[in-house]
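Asker: The lines below spell out each chain.
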Amino acid sequence: MAEPFLLLEGVAKTYGATQAVAGIDLAVERGEFVVLLGPSGSGKTTILSILGGFIEPTSGRMLLDGEDVTGLSPARRPTATVFQDYALFPHMSVAANVAFGLAMHKVPNPERRRRVEEMLERVGLAGFGRRRIHELSGGQRQRVALARAIAVEPKLLLLDEPLGALDLALRRQMQEELVRLQKQLGTTFVHVTHDQDEAMSIADRIVVMNHGRIEDQGRPDRVYLKPASLFAATFMGESNIITGTVRARDGRNLLIETALGTLAVPADAELGRSISLSLRPEHLGLGPAPTGALALPSAIIEEVVFQGTHLRVRGRTESGIELLLRLPAGSSVGQGTRAPLHADPSRIVLLAS
Amino acid sequence: MTRPLSTRLFSFSPTPALIWTALFFVLPLLAMAAVSLTRRERGEIIATWTLANYRAFFGQGGGVFLQALWNSLEVTLTVTLLSVLVAYPIAYVLAYRVPPRWQRMLLVLLVLPFWTSYVIRSYSWLLVLSEKGVISQTLQSLGLTDGPIGLGNTRGATILGFVHFFAMLLTLTIYANLVQIRESYRRAAADLGASSLQIFLQITLPLSLPGVAVGAFLTFVLAIGDYVTPQILGGSRELLLPQAIMLQIGRTADFPLAAAMSMVLMGIVTLAYLLFARHLRMDRL
Amino acid sequence: MKLRGSTIGAGLVLTVAALFIFLPVAVLVQFSFQDGLVPVPPFRGFSLRWYEKALENRRLIEALWNSLAVALLSSLVATILGFLAAHGLARRRAGWNRAAELLLMAPITVSYLIIGMGLLMTFTMAGLAKSLLAVGIGHVVINLPLAFAICYAQLGAHQVAVERAAEDLGAGPWQTLLLITVPMMAPSLGAAFALSATLSWDEFVIAFLLSRFDVTLPVVIWSMLRSGLSPELNAVGTMVFAVSVGALLAAELLIFRRLRGG
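Chains as they are written, first to last, in our numbering: chain V, 1 to 353; chain R, 1 to 285; chain A, 1 to 262.
Pulled out of the complex, with its shape left as it was, chain V reads as follows:
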């Protein structure tokens, strides 16, 4: 197997007694768009800072394109960062900001000017070169920060929650533009965010982080549908988590004793283990179970909320278990009524407790 483009080996970072990153391994292919996803304090930003050379890891090493860059300063490292608050130079024009890195790399002037024009065009800011930073809107500043970073043609582009300050519509638009830009440039992107929708819409691969560890990583659909850990299941969208104990094996199914009764789930695990089951709200149904579906106890419908594309329904079983359902917008559901529930057994994910 060929050496991966970017490789982190046993990278850890501790501050006194607190461990920000707990010895992680991560391999990234050339041209991949990787998103580090996690709540604040999960260590994702620390990893980005380690990648950029702003923080030296306590232990472990980092290889980029076959070269050990662990001890290299940010200036000497072939990476560029789009910072959270953009960190544009307020006393320089837009063009001077974009030209800065080129000047530092001693790109001669006619060439420098051409590249600045090209970069501004790429991010949709052609003709903005002479503007001052404080004259720009948030979205425009974001684009300047992007142009400034890609102008130096980094091998690895790091993005630290770059869309966090933008409103929803603009964020969606920038997400699309980022993906398009990344495909055009072919540059490897590592992007940090706490927004799982954003991660799913831009990533080739999502790396879910929590408490300085990697909880799960893979293609967005895989991470969503078959999360590898309890944390990944709850952080990536909503999920109903039911605890239970593996009681018996029945052909390809396990019989699991839960508060919803004994459920037959196609999975494998040691007998007698206590586990958690993750059921996504959209994989639950209302009404008598069709063939192939798993019948669940009936529940009283406590709340129905119309959300445009779907109904968000909260039910409670007799044993007091609360379940969240996502039903098609046209479904007829009466609040306060009792109805049987069913689930798609192939979508149930078995997780270690």
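A portion of the hints provided could be inaccurate.
Reference excerpt, derived from the structure (chain A facing chain R, CB under 7 Å, subset only) [what the hints assert, rightly or not]:
#  : residue
1  : 10
2  : 25
3  : 81
4  : 87
5  : 103
6  : 202
7  : 205
8  : 221
9  : 222
10 : 240
11 : 241
Derived from the structure by calculation, the hints contain no laboratory data. Quantities reported herein were computed from a predicted structural model and do not represent experimental measurements. Note that beta-carbon positions come from the ideal geometry of N, C-alpha and C, so glycine has one too.
Since the structure of chain V is already known, use the hints to place chains R and A on it.
Answerer: This is chains R and A only, laid out in the frame that chain V set:
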């Protein structure tokens, strides 16, 4: 090593300032503390450790010095209180009754004399207050008084000169605080049925206290250590502590006693700082 | 009606305040033009002779140049030291940062008189003569905390982020300092310098204690004061005031406006 790599290059950069402060601030204070524990006899400083100077200050023989200390405390506290009372309305009117685009200009104009030479400012008050001065002559020409009245060389003149200066300083700190209070707080209070007076007492005043505290502290520290104003306006009929200290240096060259008195003065300022410290954030200045 | 009442009240407060604040300055300026021997009423007519006399006073003019030199040089040193300290402290999170901040800010809580006394005793013990250099050293001590505080306030997380960005784009430490930090900080550096220079220009007690033959302007004015009220002093005072105000207005227009706008 958690810092960006290249910043290590600049980790030495606070060193010159720290050395300067240690050499020309900390060391002199330590030297002064040491001198305050020696004695001067027949023009020579005797290097035996003694509390004689402090005994002279606080003891029975030190009536003059202790009196100077009380005078200083009385004058300074009066000045601080009066300056706040004068400055608050000015700052309030500037912040809330003057259209925003005129505020800055009016503020700069109003505190312009703040930047006049300190010595000249006291001298100017002498022109107003002395026996032949503006007030005395105006009153005489109006027939309100028979003979000339000299207001100079009094404690009142010292206080007036101080209040003139520190009211301007406090106007600056209180104004800076008032304009930071968000308009929405007062709107919300009004919306909930508070009257103008209630809004002032329960919203504006409490939120502006940090600005008052910073200004009042600076007033206290600067006024209690000032030699110029009491010397020019108050004269030497009644001494304040800084005047008494300067007398020891100028007339008798008694460094040990002057040092001991300075240590007392510094002790008072430190005490004031500790009392205020919880309400003060120097970075707000 | 209520609005009119409060407007009149506001006008009244500002008028009384302005009268109180400007009364001594107005008297000072008016009687600097006195065509007579004493700067008190009655005003005997307009004359510039006291200005001529003041400008012919060699001792005064010498002191003026001394003051200017001390103010400019001590402010330059205070600003550079304060900036370097702020720059260094803002970029690290060492345990003794807080201690360094406290030490650097400490002189602000000590009276000028005491700082001057301490320096006087130290220099005397060290056998150093009183001089303008000693005065300048004292002025750096009192202005260093202000310069440090002004620069430190501007060097927040944002400044660090911007410097990181410059480094990330390939700038070395010196390039970052000269191309990014100093230009970004220019308004603060200007403000620190202007404030320090104003305070040094005006400072009396340290200059009085630490100088002997060459003295600064406030010290000369002080010695002129001993011979009583004189229109010449009024003229000197008016000119000194004009210089301070001119410098202040220039600073306001050139620096502080940018500092707020920035």
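Asker: With 7 Å as the cut and Cβ atoms as the points, is residue 81 of chain A at the interface with chain R?
Answerer: With a minimum Cβ separation of about 4 Å from chain R (threshold 7 Å), the hint on residue 81 of chain A holds.
Asker: Quick one, is the residue 240 of chain A hint okay against chain R at 7 Å, beta carbons?
Answerer: It holds, given that the least Cβ distance between residue 240 of chain A and chain R is near 5 Å, below 7 Å.
Asker: Would you settle whether the hint for residue 87 of chain A is holds or violated, based on the nearest Cβ-Cβ distance to chain R being less than 7 Å?
Answerer: Holds - the Cβ of residue 87 of chain A comes within 7 Å of chain R, reaching about 6 Å at its closest.
Asker: Does residue 10 of chain A pass the interface hint, meaning its C-beta sits closer than 7 Å to a C-beta of chain R?
Answerer: At about 4 Å, which falls below the 7 Å cut-off, the nearest Cβ of chain R leaves the hint on residue 10 of chain A intact, so it holds.
Asker: At a threshold of 7 Å, is the proposed contact between residue 103 of chain A and chain R supported by beta-carbon distances?
Answerer: holds, 6 Å
Asker: Does residue 221 of chain A hold up as a contact with chain R if the rule is Cβ-Cβ below 7 Å?
Answerer: Given a least distance of 5 Å, the restraint on residue 221 of chain A holds.
Asker: So, residue 202 of chain A near chain R? Judge it on the closest CB pair being under 7 Å.
Answerer: Hint on residue 202 of chain A: holds, closest Cβ of chain R at ~5 Å, below 7 Å.
Asker: With 7 Å as the cut and Cβ atoms as the points, is residue 222 of chain A at the interface with chain R?
Answerer: holds, 6 Å
Asker: Any CB of chain R closer than 7 Å to the CB of residue 205 of chain A?
Answerer: Result: holds, 5 Å to nearest chain R Cβ.
Asker: Against chain R, run the beta carbon of residue 25 of chain A and see if the smallest gap drops under 7 Å.
Answerer: holds, 5 Å
Asker: Does residue 241 of chain A hold up as a contact with chain R if the rule is Cβ-Cβ below 7 Å?
Answerer: Hint on residue 241 of chain A: holds, closest Cβ of chain R at ~5 Å, below 7 Å.
When the structure is compared with the earlier hints, no violation turns up for any of them.
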